[in-house]
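S.K.: Using the sequences provided together with the hints, build the complete structure.
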Amino acid sequence: MKRILFRSAPLALAALALAEPALAQEASTPNAAQAVSGGTGYIFNTLLFLIGGFLVMWMAAGFAMLEAGLVRSKNVSVQCLKNIGLYSIAGLMFWVIGYSIAYPGFEGGYFGIADFPYAMQGVGEADTGTGYSVASDWFFQMVFCATTASIVSGTVAERIKIVPFFIFVTLLTGFIYPVIVSWEWGAGWLDAMGFSDFAGSTLVHSTGGWAALMGALIIGPRLGRYGADGKMAVFPGSSIPLATLGTFILWLGWFGFNGASQLAMGTVGDVSDVSKIFVNTNMAACGGVVVAIIFTQLRYGKADITMALNGALAGLVAITAEPLTPNVGMAILIGGIGGALPVIFVPILDKLKIDDVVGAIPVHLVAGIWGTLAVPLTNTEVPILAQITGVVATGVFVCITSGIVWFALKATIGVRPSEEEEMAGLDLGETGIEAYPEFARGT
Amino acid sequence: MKRILFRSAPLALAALALAEPALAQEASTPNAAQAVSGGTGYIFNTLLFLIGGFLVMWMAAGFAMLEAGLVRSKNVSVQCLKNIGLYSIAGLMFWVIGYSIAYPGFEGGYFGIADFPYAMQGVGEADTGTGYSVASDWFFQMVFCATTASIVSGTVAERIKIVPFFIFVTLLTGFIYPVIVSWEWGAGWLDAMGFSDFAGSTLVHSTGGWAALMGALIIGPRLGRYGADGKMAVFPGSSIPLATLGTFILWLGWFGFNGASQLAMGTVGDVSDVSKIFVNTNMAACGGVVVAIIFTQLRYGKADITMALNGALAGLVAITAEPLTPNVGMAILIGGIGGALPVIFVPILDKLKIDDVVGAIPVHLVAGIWGTLAVPLTNTEVPILAQITGVVATGVFVCITSGIVWFALKATIGVRPSEEEEMAGLDLGETGIEAYPEFARGT
Amino acid sequence: MKRILFRSAPLALAALALAEPALAQEASTPNAAQAVSGGTGYIFNTLLFLIGGFLVMWMAAGFAMLEAGLVRSKNVSVQCLKNIGLYSIAGLMFWVIGYSIAYPGFEGGYFGIADFPYAMQGVGEADTGTGYSVASDWFFQMVFCATTASIVSGTVAERIKIVPFFIFVTLLTGFIYPVIVSWEWGAGWLDAMGFSDFAGSTLVHSTGGWAALMGALIIGPRLGRYGADGKMAVFPGSSIPLATLGTFILWLGWFGFNGASQLAMGTVGDVSDVSKIFVNTNMAACGGVVVAIIFTQLRYGKADITMALNGALAGLVAITAEPLTPNVGMAILIGGIGGALPVIFVPILDKLKIDDVVGAIPVHLVAGIWGTLAVPLTNTEVPILAQITGVVATGVFVCITSGIVWFALKATIGVRPSEEEEMAGLDLGETGIEAYPEFARGT
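The listed protein sequences correspond, in order, to chains A, B and C.
In terms of the numbering used here, the first sequence is residues 1 to 443.
In terms of the numbering used here, the second sequence is residues 1 to 443.
In terms of the numbering used here, the third sequence is residues 1 to 443.
Worth flagging that the hints you see were computed from the coordinates, not collected in a lab.
A couple of the hints might just be wrong.
Identical copies look the same in the list; a pair holds intra-copy or inter-copy alike.
[To be verified] Listed below are the simulated DSS-like cross-link pairs for lysine-lysine, each with C-alpha atoms no more than 27 Å apart in a straight line:
id, residue 1, residue 2
1, Lys302, Lys161
2, Lys353, Lys161
3, Lys410, Lys302
M.R.: So, in C-alpha cells, the structure goes:
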C-alpha cells in the first residue's frame, strides 16, 4: 500500500478516504480560515491544552533524571526529592496566588492580582467566551511555572539544604515568575511595547536561569570545586544514561511546551501552525546536538556526551521564543547556535568560579537570551528594542528579587549544610536514604 | 505577544482567532450542551480512550521502575520480568475472559459472562449506538486490569517465584478483578445501590491492595526482615532515581487513568470535566507530596524521599474515586490526607510484621479506602452507606478469592524459592541474569 | 456509577450523555462513512500525525535506554551519544534530501528526487488538497527514518567509533532508507505490484536489520566474544532495568508507530481502525512476551528477562506489517510467533559468530520478515509473491548499499578503535566521560 500518493498533488486525501469515496470531495478543500463549529473548536482547543499540559508535566521527570544523572551519587536522593517537591509546591503556589498575579486583568501594567483564589468552573460547565476550558488552560500554565523552578534546582544542587530550597521555590513560583508572566502573557507593559516571547525563552527559561545564577553566586560553589591554587576539580555525574533519559524526556515534553503555546487548534490554520512548531522545535534540537558534537570533537578531540545533551536543550530553549515564523533552515540555525553556547559558556562560568552543576545557566539563561533576541530575524513585526528591553527587565527584576530571597535565606536559616554533611553527601543528612546503597562509593 | 488577554472577559478567543477574525464571532459562544455532529463526537470519544489508554499502559513502566528501584539489586531482574510478564498476561486474560465477566450485560447482578470471546468489530466498521469505538474502550479497560496486577507485584517482591506469581496474576486478571468491575462499572448490584467509584480507588487500587495484603500474609515476610528479637532489618531499595522515575511515570499516566474515565469528550461539558479532572488529579498528588514531606520532616527530622514518592501516589489513589466534583481546595485536601496515610501505615504494617516491599498496601489499599469514603464529601448524590458497602464487599470478595489462590499455590507448587536462593537473590535462580552484573554487591 | 451500561446495547451513549439528553438521539447513530466537515477532518488527521509523531520520537529514548542497558558499563556513554546523535542526524538528513527521495512523485519508479529542499508551508497556511498539515506528515515520517538508524546502533555497539558510525547514519537516513520507502510508500514499483507493509516491518525494521547485519559482518565481533577454541564469552548488559525501561518506551511509542500509520482519523471508520490497530499492536506484544517466557522457561529452566524484552519487541515488529486486518486472536498468534524468533535466532547468530549486541537482527530483521510474509494470512488482497519480492528486494538493496558504505568506511577512516581502547571501553577514548564513574568496575 502506498502511504502517501503525491505530496504536491491533491490526491492524497482521495487515497486516504478510499473507503469513503463520497467524503473525499467534500473534505478536500479546507483552507486556513476553515470554520469548525463553536463546540468542536472549543474541544480541540481544550484538548491541545490537556495534551500540551501532560507533556510539559512530564518535563518535571526529565529535569529530575537529568539532574539525578549529573550530580554525584551521594546527592542523588536529595535531588530527586527536590524535584518532586518543587513541582508540588509550584502547583500549590500557582493555585494559591501565582495565576492571579500572572493574569491580573490589567493592560500595560506592572503588577496586579485578580480575584483570589482562582475560581474554577463547576462540573459540566463550559466557559462561554474563552473558547476553551479554563481548567485546561490553568493546568497548562501551572506546568510552565514548575518548569521555571526545575531550572534552578540543577544549578544549586549538591550544596543547598532542602528547606531553604523549598522556601525559595515557594517565592519563585508564587511571586517572581508570575510577575514576569504578567508583564507579557498577562498583557502588561512588555506586551504593550511589542515584546514577543512565544513559549517562554525569557519568561520561563531566562527567569529560571537568572534565579539560578543568583543562587550560584550567593550560595557559592561546592566544597573543593575551585581550589585555592586556581585548579578546578571535575565532579563527574553519577549516571550518564539517566542524564540522557532526562534530556529525551525534556525533548519530548517540549513538543507540548512550544506546540500547545499556539493556544488553539480549532482551525486548520492553527493546527497547521502547531505542526510547523513541532517541526521547528525538533529541528532546532537536532541542530543543537550536531553543533555541540562537532564543536567538542574539533576542540577537544572527543565528542562530549554531556555537551551533546546540553546542546539539545540549548537548541530547544533558543527556538522557544519563536518556534513558528522561522522556516526549517532558520530553526536549525537558531538551534545550532544555541547548541554552541554551552560549549562556550560552561568554561567561562568555571573561570568565573560560578558553580553550575548541570550547566543550566548556559542552557536556559544564555540560550534563552539568544532565542529572544533572534525573534526579529524571522518575525519582522517584533522590534529588537522591545526584545532587548524584555531581556534586561526580566534580568533586573529576577536578579533583585531572587537575590533578596537568597540573601535573606542565607542570613536567617542558612542555605548550606555543614562542611561534614556536604562532604558526606546531602543524602545522608537531608533525607537519610542513599540513592544507591549497594554500590555507590559515595566519593 | 500577550498569551491570554483577560481571563474573565470574552476577548481571549478573539485574540486567538486574530488571523481569522470572521470566526471569532461564530465560535465565541459555546455552552455546556454544545452539540457536535455525531461523527465528530464519536471521534473525540474514541480519541479520549486511545490517549487515556496509552497513558495508562505507560503506568506499567512506572510500576516496573518504582519496584525495580525499591527492591535490592539481587532481585531487580526478576522484578522487571514480573512486571512485563504481568502486563502481558493481563492483556491475554482480559481478552480471553476478563472483559466478558466485567461487562456481562446484567443489571444489578453478581456474576455473569457475556458472549465469549469478545468480538471486535471488523476493519472500517463503526460501532453504531455506542458513540465510540469498542476497540478503544476495550484497550482502555484492559490497561486498568493490568494496573491491578501491578499493585500486587510490588508488595510480594523479593520472595515469590515467578511461576506461582504469574499463575496468581492469571486468576486475578481473568476472574477476581473482572467480577469486582462487573458489580459497579458493569452495572451490577453495587452500581444499583448507588456506590460510586469514578476511576477505581476501590475497583482497581483496593482490589490490588487486598490481593497484595493476602499475598504478604500467606507468603510471609522476606528472610531476616523481622528478627526473632523483635528488631526489624531495613532493606533499602537499590535505586532511588528509578523509584522516582517510576513515580513520575505513574503520575503522568494518572491523567489518562482519571481523565479518560470521563468516558467522553465529544461535548464542551465533557471536555471541560476532563480538564477539571486533570487539575484535581494533579493537585491531589501535589498535596500528597507536600504533606508527606512535612510529616516526615517534623516526625523524623528528615524529609523522606520514598515517603514523598508514596505521598504522591497515595494522593493520586485518594482522588481517583471522585476526581470531578471536588473543587481544587478539596482535591488538595483529599490528596493531602492520602499522602499522610503511608507515613502512618508503613510503620503499622511493620509492627504487624506484614512485609510490603514497596508500600503498596498503604498507598493503594488504605488510600483507596479513604478516597472511596470521601466521595460523599463532595458528591452529595452518593450515599456513604453505599460507599462503605462497596469497600467492605470488595475487601471480603478479594480477600477470600485471592486467599484461596495464594493458599492453593502454597500448598501445591509452592510460592517461595529455597532459603539459599532467596538469600542469593531471585535473579540468579529465577532468570539467571543479574540486573547490574558489573557493580552490584548483591547484599 | 456504572461505567458502561451494556456493551451490546445502544444505551451506552445515552448514559454518557446523561447531562445533555437532547444530544443522545442526535449523536447515537454514526456510521463508518460518517462525514465530518472538511476543516474538522483536517484537524483530526493532523492531530493523529502529531500524537503519533511524538510517540515515535519517544522511541529514540527507548532505543537509547535499551542499548544503554544491554552494553557493558564501559561503553554506555558512547551508546547514549550515538543514540541522541543519530536521531539528530536523521532529522537533518531527512530534511536535506531524505524526504525528497522517499516521496519523489513518481508512480511505479525506482528512484527520484522531488523539489529540493522540501518546502514547508508558511505561517497560518493550510494545505488544501492534502487533508492534513504537510508539516505534521513530515514530522511523522522523519521519526520513522530515525527509528531505522536506531536499530543499527544496537547491533554494532561496543566496537565502532562514533565518527564512522555517524557517517553511516548520514547515508542510511539520507539515501538508503528513503529509496526503500520510495518503492512502497512513495508509490514506487513495489507498491505497483501489490506489496503491502502497513507501518514498516520491512521498510523500517528489516531495512535497519539488514544494515545492522552488514555492519556486524564487516566490522566483526567484539574482542574476546568468540574464542579461538569455539567458546563464546557472555558479556552481560550493565543494567536490566534500563533495558526494561527502553522496551516499555518502545512499546508505548509503537501505538504511534502503527496507530498513526492509518494516516487519518477524520472519519468514524478511520478512528475505529486506529483503535483496532492499538489493540492488535498491544496484543501482539503480549503474545511475544508470553511465548518468550514460556519458551525460555521450558528450554533453559529459567525465564530469560532479556528474551522477554526481545519477545515484546519482536511481537511488535511482526504485527507492524499488518496491524489492522487480523482479529485479536491472529494478532496474538503473529506476535507470539514473533516472540519465539529471538529465542531461536540469537543462538544461531552466535553459532555463526555474528555479534549482535542487543539482538536487533532477530528482533527487527527476522521478525520483520515474518510479519511481512504473514500479511496475506489476514489481508487477502495482498499477494504472497509481492511480499516475498519486497522482502528480497529490500534485503538485496540494503545489503549492497550498506555493505559498500561499511566497506568504504573500513578501508578509509577505519571503523574500530584500537584493541586497547576497545578493551578499556569506548567511553574513555571516544567521549572521555564514564557512564558510572563512581561505581562501575569497567570490566
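S.K.: 27 Å Cα cut-off: does Lys302 pair with Lys161 within a copy, between copies, both or neither?
M.R.: The answer is between: 11 Å across copies meets 27 Å, while 36 Å in one copy does not.
S.K.: Within a copy, between copies, both or neither: which one fits Lys353 and Lys161 at a CA-CA cutoff of 27 Å?
M.R.: Classified as within; 21 Å inside a copy, 34 Å across copies.
S.K.: For the identical chains here, do Lys410 and Lys302 meet the 27 Å Cα criterion within one copy, between copies, both, or neither?
M.R.: Cα proximity of Lys410 and Lys302: across copies only (20 Å, versus 40 Å in one copy).
In this structure, every one of the numbered hints holds.
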